[in-house]
Every structure is written in structure tokens, then in C-alpha cells.
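2 protein chains.
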Amino acid sequence: MLKKYLLAPGPTPVPPEALAAMSMPMIHHRAPDFIPIFEAARAGLKNLYQTTSDVLMLCSTGTGGMVAAVTNFFNHGDKAIVVNGGKFGERWIKICQSFKLEVIEIKVKWGYTLNPSQLEEVLKNNSGVKGVFVQATETSTGVNHDIEAIAAVVKKHSDALLVVDAISSLVAHDLKTDAWGIDIMVGGSQKGLMLPPGLALISVSERAWKMAETSKIEKFYFNLKTERKKQQDNQTNFTSAVTLIIGLNESLKIIQNEGLDNVFKRHALLAHATREAVKAIGMGLYAKEMPSNAVTAIEAPAGVDGQKIYKILRERYGVTAAGGQDEAKGKIFRIAHLGYSDRFDIITAIAAIEMTLKTLGAPVTLGKGVAACEEILA
Amino acid sequence: MLKKYLLAPGPTPVPPEALAAMSMPMIHHRAPDFIPIFEAARAGLKNLYQTTSDVLMLCSTGTGGMVAAVTNFFNHGDKAIVVNGGKFGERWIKICQSFKLEVIEIKVKWGYTLNPSQLEEVLKNNSGVKGVFVQATETSTGVNHDIEAIAAVVKKHSDALLVVDAISSLVAHDLKTDAWGIDIMVGGSQKGLMLPPGLALISVSERAWKMAETSKIEKFYFNLKTERKKQQDNQTNFTSAVTLIIGLNESLKIIQNEGLDNVFKRHALLAHATREAVKAIGMGLYAKEMPSNAVTAIEAPAGVDGQKIYKILRERYGVTAAGGQDEAKGKIFRIAHLGYSDRFDIITAIAAIEMTLKTLGAPVTLGKGVAACEEILA
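If you read the protein sequences in the order shown, they are chains A and B.
Numbering of the first sequence is given in the working numbering, commencing with residue 2 and proceeding in unit increments.
Numbering of the second sequence is given in the working numbering, commencing with residue 2 and proceeding in unit increments.
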């Protein structure tokens with residue numbers, strides 16, 4: 002018997018309450034029993050997003066939400082600043098270019114965070130910027146961008162919409178949509194919300210809705226104006242992702258019961274313990290600045306292939322982590338502490354890493370990382 | 002206690018095998034344990050679609066698949082014939098127009114099927130038609146269009162791609178993708194495939210792939226060329242709808258075990274029994290021609306509001322049917338016999354209808370419809 006532990010940055014484990022609710026007999030999305038479920042999910046999402054605006058639910062992965070963020074508020078030729086510090090920064094660029102926005106790229110070295118003053122500079126040098134696109138957590142590097150500071154800079158120097166990919170960050174980090182002025186924020190079901198993939202979430206500010214009036218990019222499935230109208234009536238425009246919305250309701254209840262601040266604190270604590278344990282083992286953090294509380298990217302020890310660590314973690318210890326992508330491939334592996342995650346998930350991860358290094362013949366003092374964890378988590 | 006019976010044309014009930022499989026702990030879409038599941042689903046879909054081409058899986062509702070069918074193979078200004086015999090014919094028109102195709106509408110009276118010779122006429126009068134869009138089952142009216150005959154007409158008179166919305170028809174009807182020459186066929190998870198909503202399926206012929214090379218409509222999330230490349234490697238381009246694909250594998254196994262021909266025969270038998278029972282009760286069928294084996298649209302008796310029947314079926318008898326839409330609203334209600342459906346689901350439906358008519362004070366001989374069912378189903 003090899004028990005399985007899912008510690009990748011999405012999909013993440015689904016809590017039994019949500020699994021049980023999603024295993025109930027199917028119900029119809031236009032029938033009265035679905036209305037209160039939808040209504041409760043809408044309210045819970047507003048609470049989680051810290052916004053009075055609607056948070057729309059779309060039946061797609063998070064990337065569908067990112068596409069909706071580009072196609073509903075902009076036009077061909079619109080200037081868009083994209084912060085690119087990893088795979089998902091690149092995705093913003095690709096989406097913007099697919100719909101013919103004029104991309105002004107701010108390249109951030111992998112493992113580093115955007116310096117808000119660099120954004121300030123670019124905003125000063127480019128008039129008429131319509132949107133600023135950024136990740137809250139860049140999942141490929143485990144680095145956060147400072148959304149609060151970025152929002153302040155964007156407001157100060159432009160009328161641009163601030164569009165945040167919070168897919169991996171949501172639930173792990175305190176993101177104050179209204180207070181900071183995030184215009185569009187995209188989330189996904191399979192991360193901090195502890196659900197299977199298939200639901201994208203998107204909040205839209207009043208300023209953004211105004212820009213939607215003049216957006217001419219062709220769209221149909223991700224038409225947010227139509228969705229908003231329908232969802233305010235507790236319906237979706239097309240068939241609802243019934244099961245996921247039922248599960249979402251359970252996840253949101255779990256989050257509300259713990260309390261948003263406690264949820265953020267738990268993620269901060271688990272991430273802190275992970276980082277300290279990694280250092281105690283003698284490994285480096287790939288995030289040189291602003292490490293995320295959702296996922297930790299760990300540098301493989303000198304001479305050890307990060308993909309091998311991933312492989313042995315999985316095959317020998319039953320722990321599914323994530324490898325590195327593109328330029329980080331082989332150099333790192335990634336451990337999530339996101340969503341349905343507590344102390345013993347971290348201890349499991351660290352113990353598995355220690356044993357994996359031993360298996361690989363890399364220098365390691367068994368138990369040293371776990372001890373560092375326990376010190377913090379006790 | 003009021004037991005619930007879901008007899009609407011999607012979402013349909015999920016079999017326990019699929020529910021159980023989907024309730025297993027989450028796995029990662031890029032990890033090796035997902036590969037054989039994805040591979041088996043791909044093979045099962047080819048079998049169901051009766052094609053050697055790839056059937057791609059998209060994380061969206063069926064409408065997302067319809068959008069993919071329009072945006073990947075056509076261009077602005079392309080002439081598209083759309084058969085419009087109900088709500089979903091209208092949806093083809095709206096999608097085509099959203100992406101600036103030139104729509105040539107063939108309006109079919111609700112409750113009737115397309116006469117293929119009418120299509121022949123339109124094809125003769127319009128040169129350079131690039132696509133013909135049609136429903137296999139028009140869910141809003143319970144009518145089928147004769148895809149085999151339509152395909153023959155399209156091939157005879159044009160090079161147009163035949164694009165079939167088989168969302169409600171798939172599994173209920175024998176649709177021979179390759180043998181008939183269906184270029185693009187869209188399915189969805191929440192109908193005959195007996196799964197929750199959230200997965201669209203789309204087959205693409207080699208002719209259609211050739212047209213994809215010159216399609217310039219902007220797309221990103223539903224980029225089928227990229228998807229095809231990835232899915233041939235048993236991956237999806239973005240996060241996979243892991244849970245639904247696991248469930249799909251179970252559904253496909255159930256279908257394969259019963260045998261495709263037996264599945265079609267079962268749907269034909271259940272639909273036949275439903276129609277005969279409806280007539281025995283003294284009600285009319287809304288489908289005047291080619292009734293679907295997926296869903297039966299039933300005319301409310303004179304003086305009885307169809308929406309009232311829907312309401313009493315639900316509230317008093319626990320049976321969720323579907324009402325009528327738009328011009329059929331109040332005139333009809335609809336009962337599905339689709340997917341995880343057997344004899345006693347039909348008997349339940351008919352018994353509930355008889356009792357509902359009694360409740361409403363409409364003339365009915367209790368048991369007469371059920372007797373007609375039993376005669377056929379014994």
C-alpha cells in the first residue's frame with residue numbers, strides 16, 4: 002500500500018464535506034433547489050473577494066477567466082502593460098496578443114518580484130495605457146507580486162484597469178479587491194478553493210463595466226455582460242457547473258467558519274514552516290523575494306536533478322509535488338501549502354523530501370527539516 | 002420524505018459507478034496516473050463517435066464546444082447555412098453572428114424537422130457556402146434532424162463543412178461521424194454521457210483541420226489546433242477537468258459494456274414507450290415529425306398550463322422535468338429518457354404525469370398511460 006498525498010499547486014485535495022456534497026444526486030440548474038445554492042455561493046465569493054461587486058462564475062478553467070478578463074474590457078490596439086515573471090505572466094502576454102492588444106512587457110527575472118517603481122516608470126513613459134496585467138502569485142516561480150503597491154501605482158499614474166490573476170493566490174493571500182482598487186480579479190476552483198478544476202471566478206469593478214460598454218472584441222461563451230445579468234438572477238447564461246457550484250458552497254462555508262483572517266494566517270504559517278524547513282535541510286528557495294504563501298519553489302541541491310526529486314517523491318513516497326517549468330525545469334520542484342492543507346501535510350512533505358534526498362545520495366541530516374517545521378508549528 | 006427523480010434533458014442522473022470514481026481523492030492532471038485515464042477516455046470517445054479522428058475534450062459546457070466549432074474553422078464573412086428549428090438552432094445563429102459569419106437561416110417551424118430537399122434548394126441557390134450548422138436533436142422541441150440525409154445533401158452540393166450539435170443526441174442516437182461525413186460534432190458531458198456539466202467534446206474531420214489552417218478568428222481558450230497536439234500526448238492545453246474525465250471513463254465503460262447498438266435500442270424503446278403512453282393518456286406530442294429518442298416534448302391538455310404541470314410534477318411528486326421555452330412556454334413540458342435511464346424511470350414519469358393531471362382536475366384515466374408503457378417494456 003502506498004498512500005497518496007497531493008501537494009501540487011492545483012488541483013489541490015478536496016475536503017470530505019465538499020466531496021460528499023458533490024456526490025449527491027444531480028440536480029437541475031434551472032430548478033428551484035439550485036437557486037439558494039447559487040445565491041449562497043455568490044455571497045460567499047463576495048466575502049472572499051472582499052468586494053461589493055459581483056463575482057461571476059464561469060464553467061472553464063482559470064485560463065478561461067483570464068481570457069474573459071481580456072476580451073470583455075479591451076479593444077484591438079489597446080496598450081496593455083503585462084508583468085511577466087514566469088509561465089503565467091507569459092500567458093497574459095499570449096492572451097493579450099491573441100486579441101491584438103498592444104503589449105508593453107515588463108520582464109521580471111524568474112524568482113524575483115516586480116519592483117513597483119519600475120511599473121511607475123513604464124506608466125510615466127507610456128500614455129493611454131488601458132490595462133495592467135499581473136499575477137498575485139506567479140505559480141511557476143512561487144513569487145508574489147505586491148498587488149497593494151501595484152494598485153496604488155496604477156491608480157496614481159493612469160486610468161488603466163488593474164487585472165490580477167489570483168488563481169493560485171486566492172484564499173492563501175489577503176487580496177482586498179475594493180480597498181486596493183483591483184478592477185478585475187480572476188480565480189479558479191482547483192486551488193485555494195479546494196475543488197476540482199472547472200470553475201473560473203471573476204470580479205469586475207464598476208470602472209471595468211463601463212469599459213465593457215465599448216469593448217468590441219468578439220466573444221460569446223465568455224460574455225460577461227450577459228453573464229452578469231443572468232447571475233444577478235441566480236442563473237448562469239448556459240448550463241451551470243452544478244456540481245462545482247455545490248462544492249464551492251461547501252468550500253466557502255469551511256472558509257467562513259475558519260474566518261478569512263485565520264485562513265490567511267494558516268497559509269502564512271504553513272508557508273513559513275515550509276521555507277524554514279527547506280533552509281534547515283540546506284536547500285535554497287527559488288523565490289528570492291516575496292515568496293508566496295500558496296506554493297514554495299525549492300532549488301534542488303547542487304548536482305541533483307529537480308525532476309528526479311519529483312519522480313522519487315511520487316513513486317517511492319506517494320507524494321505528488323510539481324516540477325519546474327521551462328527555464329526552471331530540473332532546477333526546482335514545488336510544494337503547495339494551499340487550500341485543504343494543515344501542519345501534518347507540511348511535515349509529510351518535508352519528511353518525504355528528506356527521505357528522497359537520502360534515497361538520491363544527496364547530503365541530508367534526516368529530521369532536521371521536520372524539526373524546524375515542528376518548532377514553528379507547535 | 003419526497004424522493005427526487007431527475008427527468009430533465011440535462012443534466013441527467015449520474016450512475017453510482019461514475020459518482021464513486023469522481024469521489025476518489027483528487028489527482029494531478031500532469032502526473033503519470035492521469036495518463037492512462039485520459040488515453041482510455043480518448044479511445045472510448047472515438048468508439049462512441051464512430052470515428053478514427055480525435056475527439057477533443059474541452060473544459061466548458063456544450064456551448065463552449067459550439068463556439069469552438071465556429072471559431073476554429075471559419076472566417077469573417079464566410080457563408081454559413083444554419084438550420085433553426087428551436088432554441089439551439091437560434092444559438093448557432095447567435096454564435097455565428099458573434100464571429101461575423103454571414104448566416105443564411107433555414108427557419109424550421111417549431112415541432113417540425115428540416116426537409117433535406119429544402120437544404121438542397123438553399124445550397125443550390127448559394128455558392129461558396131463554407132459551413133452547414135444543425136442540431137441532431139433540437140432539445141427545445143424534442144425533434145431530430147435527419148443528419149444522415151443532411152450529410153448526403155451537403156456532400157452532394159458543396160464543399161461546406163457539416164457541423165452538428167449532438168449535445169442532446171449523443172448516446173441516444175446512432176450518429177456515424179465518419180460513415181456519414183460529419184465534419185465537426187459537438188457533445189457535452191451532462192446528457193447521454195451521464196455526467197455533471199463541464200466537459201464539451203468535439204470531433205474534427207481531416208477536411209475541417211485543413212480549413213483550420215486558414216481560420217483567422219481570434220481565439221485562445223478554445224484553440225483546437227493547440228488542444229489536438231496536447232491531447233495526442235494525453236494532456237490538455239490548460240488544466241484538465243480531471244474529475245469529469247475520470248467520470249467520463251466510467252460512463253464510457255458502462256456504454257461499452259452494454260454495447261453501442263444496445264444503448265441506441267434502449268433509448269429507442271424508452272422513447273417509444275413514452276410517446277405511446279402520452280398518446281394513451283390523450284395528450285399530444287409536440288414533435289410532429291422525427292421525435293427524438295433523448296427527450297419527449299408533451300403538449301399540455303387544452304386549458305392546462307404546461308408550466309403548472311412542471312410545477313406539480315416537481316413539488317408534489319419530486320419529478321424534475323423541463324418546461325417549454327419561448328414560443329413553447331406554457332404549451333409543453335419535456336421528459337428526458339437519456340443516459341442513465343431505464344424502464345422504471347419511464348413508468349415513474351408516466352405515473353407522475355397521470356397523477357399530476359388528476360391533481361389539476363384535467364381528464365385522465367389513471368393507469369392508462371402506464372399500461373401502454375408496460376405493454377411495450379415487458
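Do not take every clue at face value.
Under the rule of at most 27 Å between Cα atoms (straight-line distance), these lysine-lysine pairs were calculated in the BS3-like manner [said to hold, decoys possible]:
id, chain 1, residue 1, chain 2, residue 2
1, B, Lys254, B, Lys95
2, A, Lys217, B, Lys289
3, B, Lys231, A, Lys309
4, B, Lys312, A, Lys230
5, A, Lys231, B, Lys312
6, A, Lys5, B, Lys309
7, A, Lys108, A, Lys312
8, A, Lys108, A, Lys289
9, B, Lys369, A, Lys131
10, A, Lys231, B, Lys309
For the record, the hints were derived by calculation from the structure and aren't laboratory data.
Treat the numbers as computed from the prediction; the structure is a model and nothing was measured.
Against the structure, the hints:
1. Lys254(B) / Lys95(B): violated, 36 Å
2. Lys217(A) / Lys289(B): violated, 42 Å
3. Lys231(B) / Lys309(A): OK: Lys231(B) and Lys309(A) at ~23 Å, within 27 Å.
4. Lys312(B) / Lys230(A): Between Lys312(B) and Lys230(A) the Cα gap is close to 25 Å, so the pair holds against 27 Å.
5. Lys231(A) / Lys312(B): Holds. Lys231(A) to Lys312(B) sits at ~22 Å (cutoff 27 Å).
6. Lys5(A) / Lys309(B): Answer violated: Lys5(A) to Lys309(B) is near 51 Å, above 27 Å.
7. Lys108(A) / Lys312(A): violated, 31 Å
8. Lys108(A) / Lys289(A): Holds, because 16 Å separates the two Cα atoms, which is no more than 27 Å.
9. Lys369(B) / Lys131(A): violated, 67 Å
10. Lys231(A) / Lys309(B): holds, 23 Å
In summary, the numbered hints that this structure violates are 1, 2, 6, 7, 9.
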